[in-house]
Amino acid sequence: MSGSQKTDWELLSADPDPIKDLGYQSDNWDIIRTEQRGMAHLVFLPSAEEEIEQEAFIITDENAVCDVHDMR
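Going by my numbering, the first residue of the sequence shown is number 43, and it counts up by one from there.
Hints were generated in silico from the structure; no laboratory data involved.
We treat Cβ as the ideally placed atom computed from N, Cα and C, and that holds for glycine.
It cannot be assumed that every hint is accurate.
[As the list claims (entries may be wrong)] Distance condition first, Cα-Cα at most 25 Å in a straight line; then the derived DMTMM-like pairs of lysine to aspartate or glutamate:
(1) Lys62 with Asp50
(2) Lys62 with Glu52
(3) Lys62 with Glu77
(4) Lys62 with Asp112
(5) Lys62 with Asp109
[Said to hold, decoys possible] Computed spacing ranges between beta-carbons, pair by pair:
(6) Asp109 with Lys48: 17 to 23 Å
(7) Lys48 with Ile100: 18 to 24 Å
(8) Glu104 with Lys62: 30 to 36 Å
(9) Asp109 with Asp63: 19 to 25 Å
(10) Asp72 with Cys108: 27 to 33 Å
Starting from the given sequences, assemble the full structure and let the hints guide the process.
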């Protein structure tokens, strides 16, 4: 495949910069650990009140979360 035929996705480096290359925006979320029926869960809440009102939150099993920095 010639360079002119490559898609934008294929042109990204193997380790793209999340902000510059992918357009992600960083945000601070509060993380609350809770236990229900013997199982640990994490609740992620955005710092902005209006986002919580728009149901922008995450509840997940604690084992489903990892630090992406550790997974590199």
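Verification of the supplied hints:
no.: 1; hint: Lys62 with Asp50; in the structure: holds, 14 Å
no.: 2; hint: Lys62 with Glu52; in the structure: holds, 16 Å
no.: 3; hint: Lys62 with Glu77; in the structure: violated, 38 Å
no.: 4; hint: Lys62 with Asp112; in the structure: holds, 21 Å
no.: 5; hint: Lys62 with Asp109; in the structure: holds, 21 Å
no.: 6; hint: Asp109 with Lys48: 17 to 23 Å; in the structure: violated, 32 Å
no.: 7; hint: Lys48 with Ile100: 18 to 24 Å; in the structure: violated, 34 Å
no.: 8; hint: Glu104 with Lys62: 30 to 36 Å; in the structure: holds, 32 Å
no.: 9; hint: Asp109 with Asp63: 19 to 25 Å; in the structure: holds, 20 Å
no.: 10; hint: Asp72 with Cys108: 27 to 33 Å; in the structure: violated, 19 Å
Comparing the model with each earlier hint shows violations of hints 3, 6, 7, 10; every other hint is respected.
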